[in-house]
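**Q** Take the given structure of chain A and dock chain B to it, following the hints.
Chains as they are written, first to last, in the numbering used here: chain A, 1 to 309; chain B, 310 to 661.
Bear in mind the hints are in silico, worked out from the structure with no lab data behind them. Wrong hints could be hidden among the right ones.
A short, non-exhaustive set of chain A residues, derived as facing chain B with CB atoms under 10 Å [said to hold, decoys possible]:
no.	residue
1	Lys85
2	Arg86
3	Arg204
4	Ala205
5	Met208
6	Arg209
7	Ala211
8	Val212
9	Gly215
10	Val224
11	Ile232
12	Pro304
This structure is a prediction, so every number in the text was calculated from the model and none was measured. We treat Cβ as the ideally placed atom computed from N, Cα and C, and that holds for glycine.
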Amino acid sequence: MGRYVARRLLQMIPVFLGSTFLIFMMMYVLPGDPVRALMGEQAYDPTVVENIRHDLGLDRPWWWQYGHYLGGLFQGDFGTEIASKREVADIIADAFPVTIRLTLFAFVFMVVVGIGLGVVAGLRPDSVRDRGLLTLTLVLISMPSFVLGYLMQYIFAFQLQMITPTVQDSESFGDLFLPAIVLGSLSLAYVARLTRTSMAENLRADYMRTAVAKGLPRRRVVGVHLMRNSLIPVVTFLGTDIGNLMTGAIVTEGIFNVQGVGNAIFEALTRREGATVVGIASLIVIVYLFTSLLVDLLYAVLDPRIRYA
Amino acid sequence: MTIIDKPADVPAPRPDTDSGTPLLEVRDLHVEFKTRDGVAKAVNGVNYTVSAGETLAVLGESGSGKSVTAQAIMGILDMPPGRIPKGEILFRGEDMLKMSEEERRKIRGRKIAMIFQDALSSLNPVLSVGYQLGEMFRVHLGLSKKDAKARAIELMDRVKIPAAAARVGDYPHQFSGGMRQRIMIAMALALEPDLIIADEPTTALDVTVQAQVMDLLAELQREYNMGLILITHDLGVVADVADKIAVMYAGRIVETAPVHELYKRPAHPYTRGLLDSIPRLDQKGQELYAIKGLPPNLTRIPSGCAFNPRCPKAQDICRTEVPALSLVTEQDGTELPGRGSACHFWKETIHG
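With the rest of the complex left out, here is chain A (with noise of 0.2 Å):
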């Protein structure tokens, strides 16, 4: 277990460099100047631009920059933003507790009315709740986030008046309902489909037939011996799904205006701000591996079929 540990990390260096090279490399390509865009419309001496690019080391070769970029991302420094001359370690640290709040709070919307349905339509396939619980997700997941979001926001904002049509306040759980429902919806369908699938999967095998048999209730019966079984490969989607959540927050924090890592993304990407984008990247990245680390360790511990050496 430690060994196997021990190479998953060691295993995410490469992966680690290779997608920072990726997103850098993506950056550097992309038309347009970080300075130039930050000169805006205004007339500029291109001497003065010259020199602030020559003072950044933008116009030196690619694998000069991203070395640059390595060595000081290896001392903790992760750059400043050209155009507001802020570190880019302190814009991530506004923006991510914002996003990590929402993407916990659509997590958690997710896993407990996800699964909860799930459960309902699984106990009873083919029924008319099961059939109702498959139109719905149906729905949920043919309909882009884009669309639920402005439907959700016309609906409870402009109708409804129950809410600001955009966030308020970002530290504000209240604030961060809707976005989260909106962001949590598509992830809910797929896991309240696999909790379904899986249940009703498992509810014909020998086993449940066993447990019936020995006279346990039947509370018992589901709730340890069915349940047990069924939500192991939920687990490894919710695992997985964390960073999709992440991800998918940046079509959201646009939509409701929400002050995380999306917002941020956004505008660095307008402004072609190379190191903010590159270091929030990097981060999901991390995010990414580490919960999948983690969900193959709980995999090892939900199922003990699986054993790691």
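**A** Leaving out everything else, chain B in the frame of chain A:
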């Protein structure tokens, strides 16, 4: 001061069951399943009784309704699509089909237990065997986790699993096939039930282990004086342990007999066919006998005797009239106790 040894745990003597009512009595049981092709009549009027300490072997091909009958007794039929349109299942004189679900649950596992065919898939893969065994004590007797575990170890010792204390935390996949079946037996035995239904308990095992498991089962049954219903299609297994046999075909019992009588003188052509299809050393090199044809489709059971399309002795009456299970007698009319045959020509079959 002397310490008085606690008396060894001897199973409590069973309450007297010889008050006329057998332990279990199945009366005219019918079970049918709704399928896409129509209603499959899996069980069509089965009658049998089992007393304490007695072993009834139910014999038949796949799809003859032997397992379905057992599941109906246990109350673990999938309903729907299953349905019991008719019949009674009396346990100590009380009809279980009229009981509430909660009453039946309390009988399951505690009074009537079941051993399944494939122990690997019948045990929960993600729970330790100790947990699964201990569950019986925790649910039915309300024991604590710790006590339940101690009892689970005792049970594993009881069914001769080596190093029980060390293996109580292991999972089903870590045991061999024979050991797993012992765990199934231990689980059925946990609360010393009055009746055990073993549904092909040795089918998934290799031959040497089969014998061990059957011996263990027979030994424990004697010791606890339990009733045992042994469902099998293996005639070899039956001969050693059973007291009486019921042969099933297409959801009906076609012949009943004390075990050795059946082997000596079958009174139904189907039983005769089964016995003839056992490979024998003295017929080495000859072609093995097989009953021709296939078991009937349960949605379209042939009219008359269900066996008639495959029967070498079939006459016109076999295609029109369903033979009742009639008493079988000697040629001179003396009754043969416990024998019955559902064949129009049982006389010719047994005496001919």
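**Q** Name the hints, by number, that the structure is in violation of.
**A** 1, 2
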